[in-house]
Every structure is written in C-alpha cells, then in structure tokens.
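Here the protein sequences line up with chains A and B, keeping their order.
Heads up: the first sequence begins at 1 in the working numbering, then just goes up one per residue.
Heads up: the second sequence begins at 1 in the working numbering, then just goes up one per residue.
Just so you know, the hints here were simulated from the structure itself, not pulled from any lab data.
Quantities reported herein were computed from a predicted structural model and do not represent experimental measurements.
Do not rely on the hints blindly, as some may be mistaken.
[What the hints assert, rightly or not] With beta-carbon atoms standing in for the labels, derived distance ranges:
| id | chain 1 | residue 1 | chain 2 | residue 2 | range |
| --- | --- | --- | --- | --- | --- |
| 1 | B | 225 | A | 273 | 16 to 26 Å |
| 2 | B | 64 | A | 231 | 56 to 66 Å |
| 3 | A | 294 | B | 334 | 30 to 40 Å |
| 4 | A | 179 | B | 236 | 24 to 34 Å |
| 5 | A | 294 | B | 73 | 51 to 61 Å |
For every residue, glycine included, the Cβ atom is placed at its ideal position computed from N, Cα and C.
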Amino acid sequence: MRLVAPAVVLGEIARAVPADCRENIIIIGSLAAGYHFFGSDPAMMVRTKDADCLLSPRSRALSAGVDITERLFQERWRFRADERWRQPGNASTPDAALPAVRLNPPNTADWFIELLAVPASRADEGPQWTRIETAFGHFGLRSFRFLSLAAFEPIATPLGIHVARPDLMALANLLEHPAVWPETMSGVVGDREIKRSNKDLGRVLAIARLTIGKNEDALLDWPAHWMSALRRLFPEDWRELASRCGHGLRELLAGPDDLDEARHTCEFGLLALQAPTAEQLRLAGLRLLQDAIDPLEQLAREA
Amino acid sequence: MADLRFGFRLDHVPGFVADAVLGDTIFEVLSGLRDGRRLRAALVDMARAADAEWVKHVVLVLDRPRITVTRLREEWNGARSVFRPDLFDRLAIAVRDEAGWDGIPSAPDSSQQAVIEQILNHEGPWTVTHARGSANASQDILRLLVHQWLLGKGPATIKWLMKTSGYSYPTVAKGVDQLGFYLKRDRGGVELKQFPRDEWIRLLAVSDAARQTVRFTDRSGQPRSPVSLMRRLRQLRRTDIAVGGIWGAAHYHPDLDLVGNPRLDLSLHSKKANADYGFVQRLDPGLEQTTSRGEAATLVIHLVRRRESLFEPSDEGSPWADPVECLLDLHEARLEAQARDFLRSFTATRAAALTRGQGQ
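Kindly generate the complete structure, drawing on both the sequences and the hints.
Pasting the structure below:
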C-alpha cells in the first residue's frame, strides 16, 4: 500500500466520472476519513490501496454504476485483476462469481476505485451482490447492511462528490463487528495476516483519535447523531442495534493481540503519518466508549 | 413529624450553628471527648442554645468519649449548681460507645437513638485528631484563619475553628497559640492582624504533603484541556469536589491572568483514610497518576481533610475551592505572579473595606 493524498485521489475520481453521476458518489473508508480530517492538505497522506465509492440512493445506484464503469473504461482506466477475479464477467458468470468493479487509474497501479451500492433492504444481513451489465462486461456491486449509515447525511465537497461522515462510518463498523470474528482479510497488511474485525474496528479507533485531535469534546456529540441515523434507517430494531454497538470494541480493547493488530492496521492506513502506540489507541477506545458508546446504549435502554 | 435539619444557625446565639435540630430539640455532637474543660465549654454553649422559647431540649451527643460516665456525671452535677434551673432542665447528654448507649439524666430511648444515629451518620467519623499530626493541625488552623482574613470575616471563635476543622479543643487551642504573634483577640474570637508571611512560607514548603497532593498526567498523547476536564466534572454533580487553582482564583477575582494555564487543580473533601480517586477516570480515561515532578500534570488533586470543606457552592455543577486552597494551588503550580496578584486583590479589598469603615 502506498501513501496517497486524499484530496488528490478524490479530485482524480471526480474528474473522471460522468458529471451527472457525481452526486451519486459517496466516498467511504480511509480516504473519506482522510479527506475529512486532513482537508485539502496534499502533504497529509494516508496509506491505502482502495478508494471505496458508495453509490446512493439505491434507485440510482445501478444505472450510475453502469455509467461510471463505462466512462472509466473509456478514459483508459484498467480492470484490476487478482487471483479471484482475473477478468470482467459475462452473461454466463453466476451472480456469486461476478467480479467487483475495481479499476486502476490510467497512470498508476498504486490505488484502485471500487464501486459499492447502498443495500436494497434494511433487512439484508450479509453482503449482497447486484449484477450490472456494461459494455465492458458484467460486474457485481457489493452491499452491506450498515452501508446505509455511511450514506446518511453525507458531506458535500467542492468536487461535486460526497464523503461519508466519520462518526457514521465508525458506527457502521461497530455494528458490523459485534464481536471480534476469527476471519482474516484476504491479503496481508504490511507483512501480517489480520482479522477483518481488527482492521475495521481499528478504523473506528483511528477515526476516534482523529476526531479528538480536531475537537477534544466532539465525541460527546456522536450519540445523538448516531441515534438519529439509527432511528431513521432502522426504525424497527434500532434499540437492539444501539444496545450492542460496543460489544466488539470492548472485546478488542480487552485483547492485547487483537489491539495490536488494530494498531498495525492504523499504522498501515489512516494514521500512517502519526502512528499511535497500542496504549494510546486503547485510551482512544476508552474515551469513545465513555463519550459516545455508553451514552448511546443508555439512550437505547431509556427509549 | 418534623424534619431533621443539619447545620442549623441559631438566631438567638450569634455565630452558633447547631449540628442538628429536630422540632424543638437541638443536638450537638462531640466525638472522642477526652477532657473536662471541653465538656464544660460545651455545656455553656448548650445552656445558651436552650435560652429561647421554642427550645425544649438540647442534647449533647458524645460519640465514643474518652472519659468515663462517672466523670461525666461529676461535671454534670458541677454545672447544675451554676446554671439557671429552667435552662439546665432542658439539657441532656447522650453517650454512644462500643458498649452501647448511656446518658444523663437517662439514656436515650430507641426513637431518640434512631435520630442520633442519623445525625452521627451525617456527621461521619471525623477522626482528624488521631489520623494526623499536630503539625498538620497547626497548618489547618492557619489555613482557616487565613481564610477568614482573606474574606474579611472577622474574628473566628474557638468553637467555629473546632467545628470547621474537626479538631478537639486542645488541638485548636495549641494551633491558635502557635500563631500568637499574628493574632488579635476580639469579640470572643481570634483574628489575624496581618497576612502571616513567615508561617505561610513554612506552609508552602510542606504544602504537598499537608494536602496529600496527587498528580495525574496524560498517557493518550492527546491531553484534554482543563476546560474540558472541568466541563466533565460539572456533569458529575459532585459537591465534594471543588474547582481550585487558577480557575478557582479567577472565580474570586475575574481579572486574574489565565494565560498559560495547562492544568486543572481540584480539591477533594474526603474523610476516608484512602481517598477515592475513581472519578478521575470519568473525567478522562487517558489520565494516570504520576509521582514524577518531571512529567507535566494535567490534573492535580489536593485533599481537604477538615470537617467543613468551605467550598463555595456554584450553580454550574461543581463548587469552588476556598480562596486559601486556590492560593496554595497557584504557588504549587509555580504561578507566582498570579499568586501575588490574587493575594493583593484580597488585600486591596480589605483595605478598601477598612477605609469605608473608618469613614463612617
């Protein structure tokens, strides 16, 4: 993974996609967080290889996915082949085997864009794949249940595209990992095999730390915003979701090995230029629990 | 049934604050009484308290006295001969010790015992006399007299010093005697003639130990500001933790220079042998106690061991430490310029008040 400047990558994406699709793109993940916290400072970099673009709303996601994919191929973006997906799919490719839209820009292989879609239903528990047919092949748009949180009240940028709110990306990751699951990521981070939960919950800790760095009391505003988003997006089961949102993080903080994996992913990601120690990351987690998670769980109990 | 009221000011005895009042009965508590002189002084106070139409009973509660009931009866009978009979008939002594209940003229009945238990629980086992040395006692008395002097409160009675400090009569008397050079005695009390610089310097030299100061430093790499810590403290609504240091000083004198203040000073009013600092984690999980003076402290906590905290209540959620604590905090933080300004502001206020008084 290379160091990239979030503002530079976002600018490149915004310039490449069709103008009428920009408003349907929400950048999520470390690039979104990096852009939010580091702004347009090209000297502030994050280490990443993927620029996750969430397509929203659902009613426009599929057509926008087709338009964006075709335009990028026309602009000489290249399909990023890997061991699992060697080439674009076709009409005979089963839905479950469809490749994701992962494209490298014409001038670099340092990073790639990946298209995702907000879920079709609130009830979808696991990842869902939706086929899109383009002039350059068939692809799948991945959806996760809690991606809808990242699409909630996104922040507009002068580039015409949006970035997800860091607090809601954190909440999505917290909900996605109510425990530290044993599954590891498909590739290594640095030279280490890492649990997916530790990577995603490590992202939560990185966001918390960057948020505190910007405003020491900002985490106190999160519970109200989290509750507002949960009630809107998950009106039937928001209480249950809110009441368990801290379980995975607490498990991570209690496990030195898991915490060190989280620290490692921060060092090889969002906090590449200001890497914290494991203890500093743990303390960021305790502050997050105290300021945001415990109050949200309390709000859920009292509602 | 009437409510039990604590710290009840008696209008008919100026300066007298009863430990508790229930209906027409006044209660005064003495813990660990060990000499007849203190008992005789208490009986005089009780007789004065009894001298009002609404007062039917005045009960002196002796909690674990160090003198025998036989000796108590001797003192009691001695007092009978000199007190007005109508007042003496309203007095009683209740004794509670390891053996149970006793009293003069009779032990309290079960309902009275329940009330007294409630009062004793409220008062708490304030054992400063035994837990701390006489040097600390002298310093505590000094701090109380400086407090009265800074705020222009006038003479402090021995009773007030005893009640506020929690020390026995001999301890307070000894502490007062040691400050004799600086004192004037007036209206039944003692008052500093001037700011006692030499004694103050001696106090500063041992302030850390005397106040059992504990320091906390940030381990997160992202230290919280004093303002953030103070905001979180106020949310706890604790009345036993007061804001001191430069923030407390600025409360008393808003013109004080707050620039360059990187830490929060708190005063914790605690009677426990081992004070509970658990609340620090509520202020910031990133704080850890340090004994190294080389590390920058974000939060500094000083214990207030006397019986009355002298904290000033605040609508903002946390009280303010008294000005003496604030002044000590400023010295301890090496904010000497602010300490000088703070002290001068009180001196100027006192001088202006005296000038106004002489002009009238």
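Right, here's what the structure says about each hint:
| no. | hint | in the structure |
| --- | --- | --- |
| 1 | 225/B with 273/A: 16 to 26 Å | 24 Å, holds |
| 2 | 64/B with 231/A: 56 to 66 Å | 58 Å, holds |
| 3 | 294/A with 334/B: 30 to 40 Å | 37 Å, holds |
| 4 | 179/A with 236/B: 24 to 34 Å | 32 Å, holds |
| 5 | 294/A with 73/B: 51 to 61 Å | 59 Å, holds |
Of the numbered hints stated above, none is contradicted by the structure.
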